[in-house]
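Listed here are the chains, written in short residue letters.
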Amino acid sequence: MSRDSNYDHHIAIFSPQGRLYQMEYCYKAAQSGLTVVAVRGSDSTAVVTQKKVPDRLMEPESVTHLFQITDKIGCCVTGTSADGKSYVKRARYEAGKWAFDHGYSCPVSVLAKRMADLAQLDTQYAGMRPLAVIAVFIGVDDETGPTIYKVDCAGHYLPYFATAAGPKEQEAMNFLEKRVDEMKTMDSDSVVRTAITCLGHVLGSDFRGSEIEVAQVVTKKGKVHMLNEDEIEAHLNAIADDADA
Amino acid sequence: MSVMTYNGAAIIAMAGKDCVGIAADRRLGVQLTTIATDFPKIFQMQPKLFVGLAGLGTDVQTLKNLLEFRMNLYKLKEERDMSPKVLSHMLGKILYSKRFGPYFVEPIVAGLDESNKPFLSTMDLIGATSEEKDFVVSGTCTGNMFGMCESLYKPNMEAEELFETLAQALLSSVDRDAVSGWGGIVHIITKEGVLTKELKGRQD
Numbered sequence: 001m002s003r004d005s006n007y008d009h010h011i012a013i014f015s016p017q018g019r020l021y022q023m024e025y026c027y028k029a030a031q032s033g034l035t036v037v038a039v040r041g042s043d044s045t046a047v048v049t050q051k052k053v054p055d056r057l058m059e060p061e062s063v064t065h066l067f068q069i070t071d072k073i074g075c076c077v078t079g080t081s082a083d084g085k086s087y088v089k090r091a092r093y094e095a096g097k098w099a100f101d102h103g104y105s106c107p108v109s110v111l112a113k114r115m116a117d118l119a120q121l122d123t124q125y126a127g128m129r130p131l132a133v134i135a136v137f138i139g140v141d142d143e144t145g146p147t148i149y150k151v152d153c154a155g156h157y158l159p160y161f162a163t164a165a166g167p168k169e170q171e172a173m174n175f176l177e178k179r180v181d182e183m184k185t186m187d188s189d190s191v192v193r194t195a196i197t198c199l200g201h202v203l204g205s206d207f208r209g210s211e212i213e214v215a216q217v218v219t220k221k222g223k224v225h226m227l228n229e230d231e232i233e234a235h236l237n238a239i240a241d242d243a244d245a
Numbered sequence: 001m002s003v004m005t006y007n008g009a010a011i012i013a014m015a016g017k018d019c020v021g022i023a024a025d026r027r028l029g030v031q032l033t034t035i036a037t038d039f040p041k042i043f044q045m046q047p048k049l050f051v052g053l054a055g056l057g058t059d060v061q062t063l064k065n066l067l068e069f070r071m072n073l074y075k076l077k078e079e080r081d082m083s084p085k086v087l088s089h090m091l092g093k094i095l096y097s098k099r100f101g102p103y104f105v106e107p108i109v110a111g112l113d114e115s116n117k118p119f120l121s122t123m124d125l126i127g128a129t130s131e132e133k134d135f136v137v138s139g140t141c142t143g144n145m146f147g148m149c150e151s152l153y154k155p156n157m158e159a160e161e162l163f164e165t166l167a168q169a170l171l172s173s174v175d176r177d178a179v180s181g182w183g184g185i186v187h188i189i190t191k192e193g194v195l196t197k198e199l200k201g202r203q204d
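First to last, the protein sequences are chains A and B.
With full-length UniProt numbering applied, the first sequence corresponds to residues 1 to 245, in that order.
With full-length UniProt numbering applied, the second sequence corresponds to residues 1 to 204, in that order.
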């Protein structure tokens, strides 16, 4: 019988104070990635994150944290990228299987719940460590309209008008809170620009098109659209023009 | 009563000059009672890739959905379209995985590969695949279809002639089969696109 009083630091069982140390450490790992900002408008959602290519020898196109899960669901994962890729692989499988089983495309809320339930299992079973990722799912639901769900490593999942994850999450959320009422009537361009402006604000820098990644889903009929560098530049220019005006 | 002849089907695919055609009948029956005359047996999986599924109706529908699911995962993972050869191989594996409780379907894969060269393959219900250069047939009147194709087929037909040959081969074959027929549908796939025509034959 282990007398090690730090046993609760090694696997996900409760400490005497009622804390799960492993989950807290997992959170720290997940928060150490890139900052992500997602915003929801009147008929579209967008998610924005930094694009940092760690090494000039790497192919820049292969560095991404934005993924398409189905035609209509996009996802940004922050945290350790290996865990992120595994997470995306599973999400793609789960969404596809759901569509196969039920005969219609998986709604964002259902996928978020499923991924959250899977994450929760890792907090109870000693054998698996949790995946150090925070995922932001975006889409436009057939019934409820634009949707953003944030799923964390402990299995919490919540829908949001706008959200952020990663370092500077709190500053980003403060920025977004001030604009939450305007968001309800924002068109798809404003949604993207608000998200980019928020990211720029909290990171304290202006971007070039190659330094950020943007994905959006516009209207119920829309598919996940990863913006290319030119489209991002167009938004950045529009933001700069508005700022000057 | 055989499970493979319960619903009835007739599918032929032929290769032409830089094109492929795939044709099927439209009947869905419960043995000798006709239930539907618009039952789809050919499915467009990609712009230039078609799969024809002949056999038990429920397995036709299920396998089509399963293939779509697997193809979508492939496309997301590999970030490219699935080539006909790969689809054919995957279908063979799916069927063999149910070796001792099979899907009662004998599929046909017809399409143009990346260099727009025709691709045809067929397999039995447990995944034994065979790739052909000229034509492939599947369904409840394969004897008739083989006879018609062997007589009417010639290599390197252009799209219009391929359509005529395919349509005549199908219509004549299903007329001598009680459980297939009730109309036909033909798709001709060229590098420019797909031409689809509906056939009206003997409605019996």
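Note that these hints are calculated values from the structure, not bench results.
Keep in mind that a hint or two might mislead.
[Unchecked claim] Straight-line distance between alpha carbons at most 30 Å, and here's what the computed BS3-like set of lysine-lysine pairs gives:
id: 1; chain 1: B; residue 1: LYS85; chain 2: A; residue 2: LYS113
id: 2; chain 1: A; residue 1: LYS85; chain 2: B; residue 2: LYS93
id: 3; chain 1: B; residue 1: LYS17; chain 2: A; residue 2: LYS113
id: 4; chain 1: A; residue 1: LYS97; chain 2: B; residue 2: LYS85
Legend entry - Agreement of LYS17/B and LYS113/A with the hint, judged by alpha carbon distance not exceeding 30 Å: 51 Å, violated
Legend entry - Holds or violated: LYS97/A to LYS85/B, with C-alpha atoms at most 30 Å apart: Holds. LYS97/A to LYS85/B sits at ~24 Å (cutoff 30 Å).
Inset, instruction - Verify the proposed pairing of LYS85/A with LYS93/B, using a straight-line Cα cut of 30 Å. - result: 26 Å, holds
Legend entry - Pairwise hint evaluation, LYS113/A against LYS85/B, where the allowed Cα distance is 30 Å at most: Not satisfied, since the Cα-Cα distance of roughly 37 Å exceeds 30 Å.
Hints 1, 3 from the earlier list are contradicted by this structure; the remaining hints agree with it.
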